[in-house]
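Once you've looked at the hints, dock chain E against the given chain L.
In case you want the letters, here they are:
Number of protein chains: 2
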Amino acid sequence: MAKNIKNDAITSRDDDFAQWYTDVCRKAELMDYSSVKGFIIYRPYGYAMWEQIQQFMDRRFKETGHENVYMPMLIPESLLQKEKDHVEGFAPECAVVTRGGQNELEDPLIVRPTSETLFSEHYAKIVKSYRDLPKKYNQWCSVVRWEKTTRPFLRGSEFLWQEGHTVHATEEEARAETLQMRDVYVETCKDLLAIPLITGRKTEREKFAGAEETYTIEALMHDGKVLQSGTSHYFGQGFAKAFGIQFLDKDNKQKYIYQTSWGASTRLLGAIIMVHGDDNGLVLPPRVAPTQVVIVPIQQQKPGVLDQANKICESLKAKGIRVKVDDSDKSPGWKFSEAEMRGIPVRIEVGPRDLEKGVCVVAKRNDGVKDTMTIDEALPEKIIALMDQIHNEMYAKAEAHLKAHITESTNFDEFGKILDTVGGYIKTPWCGDDACEVKVKEAYQATSRCYEPNEAKEDDVCPCCGKKAKHIIYYARAY
Amino acid sequence: MAKNIKNDAITSRDDDFAQWYTDVCRKAELMDYSSVKGFIIYRPYGYAMWEQIQQFMDRRFKETGHENVYMPMLIPESLLQKEKDHVEGFAPECAVVTRGGQNELEDPLIVRPTSETLFSEHYAKIVKSYRDLPKKYNQWCSVVRWEKTTRPFLRGSEFLWQEGHTVHATEEEARAETLQMRDVYVETCKDLLAIPLITGRKTEREKFAGAEETYTIEALMHDGKVLQSGTSHYFGQGFAKAFGIQFLDKDNKQKYIYQTSWGASTRLLGAIIMVHGDDNGLVLPPRVAPTQVVIVPIQQQKPGVLDQANKICESLKAKGIRVKVDDSDKSPGWKFSEAEMRGIPVRIEVGPRDLEKGVCVVAKRNDGVKDTMTIDEALPEKIIALMDQIHNEMYAKAEAHLKAHITESTNFDEFGKILDTVGGYIKTPWCGDDACEVKVKEAYQATSRCYEPNEAKEDDVCPCCGKKAKHIIYYARAY
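Order-wise, the sequence lines are chains L and E.
Throughout, our numbering is defined as the position within the first sequence, counted from one, plus 290.
Throughout, our numbering is defined as the position within the second sequence, counted from one, plus 290.
Just so you know, these hints were derived from the structure itself, not from any lab.
Only a predicted model underlies this, so the values are computations on that prediction, with no experimental measurement involved.
Take these hints with a grain of salt, some might be off.
[As the list claims (entries may be wrong)] Computed list of chain L residues with no C-beta within reach of chain E, every gap over 12 Å:
no., residue
1, THR388
2, ARG495
3, LEU692
4, LYS707
[Said to hold, decoys possible] Label-pair distances were calculated between CB atoms; the ranges are:
no., chain 1, residue 1, chain 2, residue 2, range
5, L, LYS352, E, THR354, 21 to 29 Å
6, E, THR662, L, ALA466, 22 to 30 Å
7, L, VAL651, E, ASP422, 28 to 36 Å
We put the beta carbon where it would ideally sit given N, CA and C, even for glycine.
Just chain L, same shape as in the assembly (with noise of 0.2 Å):
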């Protein structure tokens, strides 16, 4: 029976990890295709993955002082168009409405792609005296960006995100909310979704169209590769300047604001299918799985064993854990296989043997441990505390892959080795040159993740340029 308990085989993850992805997100019904070629469908499980990501988050930042709005969905083609970066670096990937109740319209739409124009003219109009500050809004919606090649979650014509949008008195004040949102990123991703990361800032090149700096939090992914997986945007007063955003201070003078912008959006999702994802599917993270348990019940006619599960999911029920018995006609193996294709963190299994003794099996997804535990009163804690110690299991695994694919290199000629066979990140010193970085980009295909600004040593040298180097910069393989 063992040969036939999948429906249907995956691709094994190190055969073809791009295959494998794709399989994982159509079988874990976490997405489908629909006939609009990239945009995708999110299915209930993983539309609930999602929803778990934003309660946490939205708890979190509204912990920090912000509050939620709701811009338009369309954005006209002459506001986009105030800030000449900003414009400049989205205007290629745009989708635009051109017709409105069957007429042409004069100024044509653009569907948003990022709204910071929009809420940059409101708050021109909103903001008058220091009073009046800061103004800290986030706005949960989908945007829009014409993309030419897409994959599920990655790289999408349509995503689901969040856009945090701030402006401030003091440059001080703006620069530590960008901070601020990006360790809430970092916090989202370690307590949540257990994933560390490597954070630090854009380079020129690399950030934000119309920022100042961007700060970015990177993935590393199991097949070696690296995922931006957030950022965060110091603007200083670009849009403020073009937009007039301007207050009357305690001093009685005119000043424009200084603004902050920063999301996190549904590649999140592939985030955590890549890092933590095994030839048998999915691998969730308890605190982010729609479902954290599920009880399968062994020989369910026999007397009692339905009962007991029923019974057994009450009392986690009652705890506040995502529990379900999976009671459908379907043979043990098979709902083994469907619960660990969906990665569910923990399976228990009761069965008629098990009644006797009052207990039940407990198996964990990450690491296919089991154990057998007393069914009494104490059960509920010891899951709870069971999904504590697999998630810091998955982060510790998680953490050690990323250090084992943090390569030191100071040899330019050996960055395509390190690529090609370890992959991961080099970390490696920088002038600070955009010339240095173009380097490495078209001898390797790596691109720079981010950098640390002034923390190369004193007799620190640029592998790419030979001149003395500044800061310390990280180059991946991305998606």
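Using the frame of chain L, we list chain E on its own:
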């Protein structure tokens, strides 16, 4: 001082209801206009009300077995055309994307006005067997319908809503779903928003494009006009046949599914404003109020006053009450009118003299009644009970207003006078002919809101044509 309490007076509700409405929307900071005509900005206070509605409804959707998903924002024009009635209903008000990534699109894309077609296409793909049924999905999103004349929350080119879409093996189950979701809307209005309703079926003329039957909830506004506030549709097999949504039933036969959809939107914010608001601004039912209690310290510079206010605040917060202290440097009178404009249900005042006595003054926004309460550990429970009382008072008041505005009439000639003087609904027998609806509409600018099928009495006559009546119908002037 009383004279100067308001920073900006609003138009009196009885002088000019339309202007009063707009004033409240703006002055309570629920929304702002954007630079795209017909597209509004949902400001933090307005959006927070919507979040309360979302939480309530989302919980009820999940309790009744629904799952959230997310479908693409853009629909191919060719897909929208698959169901004939549906496309005829929506084509005139579509926003169309004709350019993507700087190229002209071969098949233009419609910004979703509603998503029946996308759900139908998806269901056709994933439903194979009776084991896959029912599928009960819901989506929270924004939709675009190009409107010529727009009003905040009531009619806009973009609005926020939820759309539920379900498919079932039997007609009976689908019909039960349609009614169940109508009931969830009724419950939302009654238990969350303190709004009583008239519900019933829409006539052929007024039903949703593509539906076999539409059930509606209709709310009566203070000015005697009616607002359609949510609809639930039974589709039969119309979309199933157009999209080929079939399943293999237990009897081994291929059958078409039965389908429903149901939606409620940010129109509900308009209903809250127009049912409960008064000349001092919003009046919010406590359960939907983003801030349920505001504590205003009197002479807050006096020792102990602010401490006491904060202490009360913490004790209420600990019981889950949404409360804040207004410790800004404005005068108490100013704070009172701000809280009134925003409709905060309960205001607590605490000043130096109250300190000595260990009491506070508690004022109700809905009727201005004040009471003195002892500050002790029982205070939070008393405030919770008071909020329930306020909810019930507001519902009772709205219900009395509704009952006083249903006029039974069997004389076509007096319809106009009733609508001009009493307003509200005319309840009357109806033969079932479209021509009679049109006659009422043309003579009195009133539309049929809903009808109760086969509820006419034996000798009831349709007042429009004099023929035998079948149904009871409600006519009203509507938003």
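Structure-based check of each hint:
no.	hint	in the structure
1	THR388	5 Å, violated
2	ARG495	22 Å, holds
3	LEU692	31 Å, holds
4	LYS707	37 Å, holds
5	LYS352(L) x THR354(E): 21 to 29 Å	28 Å, holds
6	THR662(E) x ALA466(L): 22 to 30 Å	44 Å, violated
7	VAL651(L) x ASP422(E): 28 to 36 Å	30 Å, holds
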